[in-house]
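J.: Spelled out, the chains give:
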Amino acid sequence: MIEEKARRIRVDIIRAIGEAGSGHPGGSLSCADILAVLYFHAMRIDPKRPDWEDRDKFVMSKGHAAPALYAALAEAGYFPVEELLTLRKLGSRLQGHPDMKKTPGIEISTGSLGQGLSAANGMAIAAKLDKKDTRIYVLLGDGELEEGQVWEAAMTSVHRRLDNLMAFVDYNGLQIDGSIEDVKSLKAVGEKWRAFGWHVMGIDGHNIRQIMAAIDEAKQIRGKPTVAVAKTVKGKGVAFMEGGVDWHGKAPSRDQVYKALVELGERIVDGGGVVNG
Amino acid sequence: MAEAGEVKGEVKEVKKVATRTAYGKALVELGKVNPNVVVLDADLAKSTKSGDFMKAFPERFFEMGIAEQDMIGTAAGLAAAGKIPFASTFAVFAAGRVFDQVRQEIGYTKLNVKIGATHAGVTVGEDGASHQSVEDIALMRAIPNMTVIVPADAVETQKAVFAAAEYHGPVYLRMGREEVPVIFDEDYQFEMGKAVTLREGNDVTIIACGVMVAPALEASDELARDGISARVLNLHTIKPVDREAIEAAAKETGAIVTAEEHNIMGGLGSAVAEVVVSTMPVPVEMVGIKDVFGQSGKPAELLEHYGLTSGNIVEAAKRAIARKAAPAPSRSRRSRRQ
Chain A
5 MIEEKARRIR
15 VDIIRAIGEA
25 GSGHPGGSLS
35 CADILAVLYF
45 HAMRIDPKRP
55 DWEDRDKFVM
65 SKGHAAPALY
75 AALAEAGYFP
85 VEELLTLRKL
95 GSRLQGHPDM
105 KKTPGIEIST
115 GSLGQGLSAA
125 NGMAIAAKLD
135 KKDTRIYVLL
145 GDGELEEGQV
155 WEAAMTSVHR
165 RLDNLMAFVD
175 YNGLQIDGSI
185 EDVKSLKAVG
195 EKWRAFGWHV
205 MGIDGHNIRQ
215 IMAAIDEAKQ
225 IRGKPTVAVA
235 KTVKGKGVAF
245 MEGGVDWHGK
255 APSRDQVYKA
265 LVELGERIVD
275 GGGVVNG
Chain B
941 MAEAGEVKGE
951 VKEVKKVATR
961 TAYGKALVEL
971 GKVNPNVVVL
981 DADLAKSTKS
991 GDFMKAFPER
1001 FFEMGIAEQD
1011 MIGTAAGLAA
1021 AGKIPFASTF
1031 AVFAAGRVFD
1041 QVRQEIGYTK
1051 LNVKIGATHA
1061 GVTVGEDGAS
1071 HQSVEDIALM
1081 RAIPNMTVIV
1091 PADAVETQKA
1101 VFAAAEYHGP
1111 VYLRMGREEV
1121 PVIFDEDYQF
1131 EMGKAVTLRE
1141 GNDVTIIACG
1151 VMVAPALEAS
1161 DELARDGISA
1171 RVLNLHTIKP
1181 VDREAIEAAA
1191 KETGAIVTAE
1201 EHNIMGGLGS
1211 AVAEVVVSTM
1221 PVPVEMVGIK
1231 DVFGQSGKPA
1241 ELLEHYGLTS
1251 GNIVEAAKRA
1261 IARKAAPAPS
1271 RSRRSRRQ
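In the order they appear, the protein sequences are chains A and B. Numbered according to the working numbering, the first sequence terminates at residue 281, and the numbering increases by one at each position without gaps. Numbered according to the working numbering, the second sequence terminates at residue 1278, and the numbering increases by one at each position without gaps.
If you are wondering where the hints come from, they were derived from the structure by calculation, not from laboratory data. Keep in mind that the hints are not guaranteed to be accurate.
Derived lysine-lysine pairs resembling DSS-like cross-links, with alpha carbons at most 25 Å apart [what the hints assert, rightly or not]:
hint: 1; chain 1: A; residue 1: K196; chain 2: A; residue 2: K228
hint: 2; chain 1: B; residue 1: K1258; chain 2: B; residue 2: K1191
hint: 3; chain 1: A; residue 1: K52; chain 2: B; residue 2: K1050
hint: 4; chain 1: B; residue 1: K972; chain 2: A; residue 2: K135
hint: 5; chain 1: A; residue 1: K93; chain 2: B; residue 2: K1050
hint: 6; chain 1: B; residue 1: K986; chain 2: B; residue 2: K1238
hint: 7; chain 1: B; residue 1: K972; chain 2: A; residue 2: K136
hint: 8; chain 1: A; residue 1: K105; chain 2: B; residue 2: K1179
hint: 9; chain 1: A; residue 1: K254; chain 2: A; residue 2: K188
hint: 10; chain 1: B; residue 1: K1050; chain 2: B; residue 2: K1191
hint: 11; chain 1: A; residue 1: K93; chain 2: A; residue 2: K235
hint: 12; chain 1: B; residue 1: K1230; chain 2: B; residue 2: K1264
hint: 13; chain 1: A; residue 1: K235; chain 2: A; residue 2: K188
hint: 14; chain 1: A; residue 1: K191; chain 2: A; residue 2: K106
hint: 15; chain 1: B; residue 1: K1134; chain 2: B; residue 2: K1191
hint: 16; chain 1: A; residue 1: K235; chain 2: A; residue 2: K191
hint: 17; chain 1: B; residue 1: K995; chain 2: B; residue 2: K965
hint: 18; chain 1: B; residue 1: K1134; chain 2: B; residue 2: K965
hint: 19; chain 1: A; residue 1: K132; chain 2: B; residue 2: K1050
hint: 20; chain 1: B; residue 1: K1050; chain 2: A; residue 2: K106
hint: 21; chain 1: A; residue 1: K105; chain 2: B; residue 2: K1050
hint: 22; chain 1: B; residue 1: K995; chain 2: A; residue 2: K132
hint: 23; chain 1: B; residue 1: K995; chain 2: A; residue 2: K135
hint: 24; chain 1: A; residue 1: K52; chain 2: A; residue 2: K136
hint: 25; chain 1: A; residue 1: K132; chain 2: B; residue 2: K972
hint: 26; chain 1: B; residue 1: K965; chain 2: B; residue 2: K955
To spell it out: a stretch of chain A is covered by chain B in this simulated footprint if at least three of its residues, at any positions, have a beta carbon under 8 Å from a beta carbon of chain B; those stretches are [to be verified]:
hint: 27; region: 84–97
hint: 28; region: 157–166
Note that the structure is a prediction, hence the values are computed from the model and not measured. Ideal Cβ positions, reconstructed from N, Cα and C, are used throughout, including at glycine.
Model the full structure from these sequences, guided by the hints.
T.: Okay, structure coming up:
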């Protein structure tokens, strides 16, 4: 069930970015499994009531992975799946990076890296002020951890004892200019979070059961926030994209979309349309 | 609004209060009536006076440490969850250091965050150029959805804080470190986006904000002694700007002087000029900082050094009036220059 949702998210990502002719497939595909678990297993949400005040909240700090978030929201029922094909087009609700004013289900606009955890902290603090048992989830990119604000925010999460907050690091090891190791090594990233006072887990970001277990474990932790450093593969699920730094911000051609969708188990009909596999 | 002819805006030299002091007091009063108000500061609570709120409502005050970017982001998250955050720090950090955070997470999102920016302008004094924001109005004015307010005195600050809390959306409040004369009575009615006519006049209009409002009133008195009737407008809201008041000033007095403790580029003067050139072009003289950074010194010395006194306003007014009478440069002179 969750695996099928993750597959659908991947299909939607490829179709939307292919149709848009631009976008970020690599980092969208790498976080698809985490989003599938969050939106179809973990989070207390009601897609018919995006403003329901007792909802759990998700912050996509790595805003360029918007296609994955849009796919999850559409599959969950926040808006029609076919609307995904308007991605990045003039007048669309689906902007190149998430816009809370345009798209139902988006909790905060993102796109300038390094800012999501601060906003998630604010939401977690507000939940505590209001004595709500809602939980806040935030997804960070690994390259994003090079932004200093992330560590300012990491201190705030711990200082404010935000145990209603869980962060995921989508650790696919690649950023625009190359590998994280070459651009600016994060060294022992888990130890960094631990040193800041977080409860830290290392998981396989494509293993549904591990992601679910990490979320369950985070719910048991009291007095501190939890981060799951999730080892992932950039472009996961599409063989010719996997591990390729070039697929950070490049759209697949029409032929490549076809090839990717076949690999993802979609049946293709005439005119490029897709029938659910 | 007061009736025409009524005496308003008398400078009460005996009473001086810093706008930041009024900010701290206003936050406490606001906290009493609005439980959704929360306050954040980045290790400057004693200076910005947000510390008053910390003492009164410790559970609704968030000390963020020396981390302005995180403070703005956290304020955005709090606002997204229905709170009314007042994020407080020095103007140079509030507008400059965190420009991207303010743009992305407050302006673009149109979230209900109020930025309490104190220690604006050269009157920060001895700390020098690194701490003297002379470009924050320009930066904040350029962000869509942002409202920019520069209160002139303690009373106006108090009213502006309450008006900002009532308004749903991003507001930048620019305040100062130094004590400034109290101009307004306690029953003064503040209306966001509506300039206040402090003196009526026919020959020239002085449009000022913040610490330059008191010198503008003095300048008006000095000009009166020379037989010049100068209107004085307190343009406390730089954005959205009061086009009506500016157009009326251009039409009815035919010359304008702007006065601000800010770079002449992008601030109050620019905002006024943008309206004037698009409706009724009349001479506009700008009193402000002439595109330079400040330096250490006593606040009064710095105002003098950078040409921000009532005397400078008087001179500018006379220049504006002279330009009003002067014929336009002839075609031949222009062509010679080319």
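J.: Indicate, hint by hint, whether the structure satisfies it.
T.: A quick look at each hint next to the structure:
1. K196(A) to K228(A): holds (15 Å)
2. K1258(B) to K1191(B): Since the Cα atoms of K1258(B) and K1191(B) sit roughly 18 Å apart, the hinted pair holds (cutoff 25 Å).
3. K52(A) to K1050(B): Given that 25 Å is the threshold and the Cα spacing comes to 24 Å, the pair holds.
4. K972(B) to K135(A): holds (20 Å)
5. K93(A) to K1050(B): holds (22 Å)
6. K986(B) to K1238(B): holds (21 Å)
7. K972(B) to K136(A): holds (23 Å)
8. K105(A) to K1179(B): Given pair K105(A), K1179(B) holds - Cα atoms ~22 Å apart, limit 25 Å.
9. K254(A) to K188(A): Given pair K254(A), K188(A) holds - Cα atoms ~22 Å apart, limit 25 Å.
10. K1050(B) to K1191(B): violated (35 Å)
11. K93(A) to K235(A): violated (32 Å)
12. K1230(B) to K1264(B): The hint holds at about 23 Å.
13. K235(A) to K188(A): holds (18 Å)
14. K191(A) to K106(A): This hinted pair is violated, its Cα atoms lying about 38 Å apart.
15. K1134(B) to K1191(B): With a Cα-Cα distance of about 18 Å, the restraint between K1134(B) and K1191(B) holds, given a limit of 25 Å.
16. K235(A) to K191(A): Given pair K235(A), K191(A) holds - Cα atoms ~14 Å apart, limit 25 Å.
17. K995(B) to K965(B): The hint holds at about 11 Å.
18. K1134(B) to K965(B): Holds, at about 24 Å.
19. K132(A) to K1050(B): holds (24 Å)
20. K1050(B) to K106(A): OK: K1050(B) and K106(A) at ~12 Å, within 25 Å.
21. K105(A) to K1050(B): It holds: about 8 Å lies between the C-alpha atoms, which stays within 25 Å.
22. K995(B) to K132(A): Holds. K995(B) to K132(A) sits at ~20 Å (cutoff 25 Å).
23. K995(B) to K135(A): Satisfied, since the Cα-Cα distance of roughly 22 Å is no more than 25 Å.
24. K52(A) to K136(A): holds (21 Å)
25. K132(A) to K972(B): At roughly 20 Å apart (the allowed maximum being 25 Å), K972(B) and K132(A) satisfy the hint.
26. K965(B) to K955(B): holds (17 Å)
27. 84–97: violated (count 0)
28. 157–166: Per the Cβ count (5), the hint holds.
Of the hints listed earlier, those the structure fails to meet are numbers 10, 11, 14 and 27, in rising order.
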